Structures are given as C-alpha cells and as structure tokens.
Amino acid sequence: QQQVKQSPQSLIVQKGGISIINCAYENTAFDYFPWYQQFPGKGPALLIAIRPDVSEKKEGRFTISFNKSAKQFSLHIMDSQPGDSATYFCAASPRGKLTFGQGTILTVHP
Amino acid sequence: GAVVSQHPSRVICKSGTSVKIECRSLDFQATTMFWYRQFPKQSLMLMATSNEGSKATYEQGVEKDKFLINHASLTLSTLTVTSAHPEDSSFYICSARDPRQGRETQYFGPGTRLLVL
Numbered sequence: 012q013q014q015v016k017q018s019p020q021s022l023i024v025q026k027g028g029i030s031i032i033n034c035a036y037e038n039t040a041f042d043y044f045p046w047y048q049q050f051p052g053k054g055p056a057l058l059i060a061i062r063p064d065v066s067e068k069k070e071g072r073f074t075i076s077f078n079k080s081a082k083q084f085s086l087h088i089m090d091s092q093p094g095d096s097a098t099y100f101c102a103a104s105p106r107g108k109l110t111f112g113q114g115t116i117l118t119v120h121p
Numbered sequence: 043g044a045v046v047s048q049h050p051s052r053v054i055c056k057s058g059t060s061v062k063i064e065c066r067s068l069d070f071q072a073t074t075m076f077w078y079r080q081f082p083k084q085s086l087m088l089m090a091t092s093n094e095g096s097k098a099t100y101e102q103g104v105e106k107d108k109f110l111i112n113h114a115s116l117t118l119s120t121l122t123v124t125s126a127h128p129e130d131s132s133f134y135i136c137s138a139r140d141p142r143q144g145r146e147t148q149y150f151g152p153g154t155r156l157l158v159l
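Chains W and Z are the protein sequences, given in the same order. Numbering-wise, my numbering comes out as the position in the first sequence, counting from 1, plus 11. Numbering-wise, my numbering comes out as the position in the second sequence, counting from 1, plus 42.
Source of the hints: derived by calculation from the structure; they are not laboratory data. Watch out, some of these pointers could steer you wrong.
Calculated lysine-lysine pairs in the DSS-like style (CA-CA distance at most 30 Å, straight line) [what the hints assert, rightly or not]: (1) Z:Lys-83 / W:Lys-16; (2) Z:Lys-83 / W:Lys-53; (3) W:Lys-68 / W:Lys-82.
Just so you know, these numbers come straight off a predicted model, no measurement behind them.
Full structure from sequences and hints, please.
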C-alpha cells in the first residue's frame, strides 16, 4: 500500500526558477513531514520538516507548504541552482517510522 | 545536523557468503536506528527498526534470519546479510534517531553498496 504519493517523477527547471514538488498522504496518523535530498551514491540528507500544526515553514530557499484538510504538502525551492540537481524525497511519519514517497529527480539547467 | 557513518561504503562478495555492515552515530547516542534498502532509481524501503539492547523489529516481508541486526551499543548497529544472493545486491542505508531533536528526526548514513556475484 503506497501511503505517500509524490509527483512529478522528474522535473527540469532553469536556473533561478522555482521548483515545486508535491506529496499526498492517506494516513491521518502521520504527524511529521520531512523532505530529504539525495545525491547519487549518497545517503539522504534532511532538508526541512514540518508538523501539521503549521501551514508553512521556510528555511532559506526551501519552503514547505502544508494543507492538512487536503492531506497534501509540497516543497518549493526558490532561485533554483544547478547544485540543487538531485533526487528529492518526501516522507511522513507517525511516531518516528518514516514512509517515503517515490522520489523526484530534479535537474536545474544553467 | 548529526553525523552518521557507515562501513564499508561498498562491498563485493560471492554468492553464499555473509556480509556485515556497520552503522555508527558519531556525535550522539542513538537508542533507535533504522535500516533501509534502496534499489536503483527507487525509493527507500524500511527493512527494520533497531533498538539498543533489544531485538530488532522487522517490516513485513523482510526475513529476520537473513538480515541479522544487532544494536549492541548506543552508537553502533550492524546489519549482516547472511548467505547473500545476487538479488540482495542493493544500496543499504542506515539512519539514527537523534533524541536531542525529538522522536522523529533521523539522520542518514552515506550508504553501503552491496554487489553479490
């Protein structure tokens, strides 16, 4: 059962543009929603995370928007840079055990 | 963020042999560690949850006798792939929960690439 659905599978953005990745979940017990960035051959790195009591969280160029009623959350990368090219995973957790989305391959063209 | 290491970073072994992968939390004590497997171009799939001083909890479909997990100290968990077969070839990643940052925050190791010939 796929509990966290992520889209798009791949995304191409020009340098300076905004990258938007979306996730939807089913389990209402989820109460922690992190985003991870993964480069080829490396482990995922925590980017930013949100809890359902807030609708938005911003850290530098990264923003999470959260819609509890729709059970959706998204990652916005402002001023996207070629160095942001990586695979991005959303995840969701009840009580600490993470379920990951399928991943989005982001390519930022110079 | 906190630092988690894995060793080895890659390993090649013959079919039928056993391989041990170590996961260490370097600057914090982790009572809980997690083991994931990731196939090429796919997402991370949780294999098991490792709690210090107790038996690991395995996810459905993961053979506990094939993937032995030991969490003998607050900074070290090991995954042993026993009688490895080519289909076990994958990227194995551990994570550790940092108790200083709440029950959800996990930091991932750099992964171990296993190739079984």
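Does the structure break any of the earlier hints, and which numbers would those be?
none
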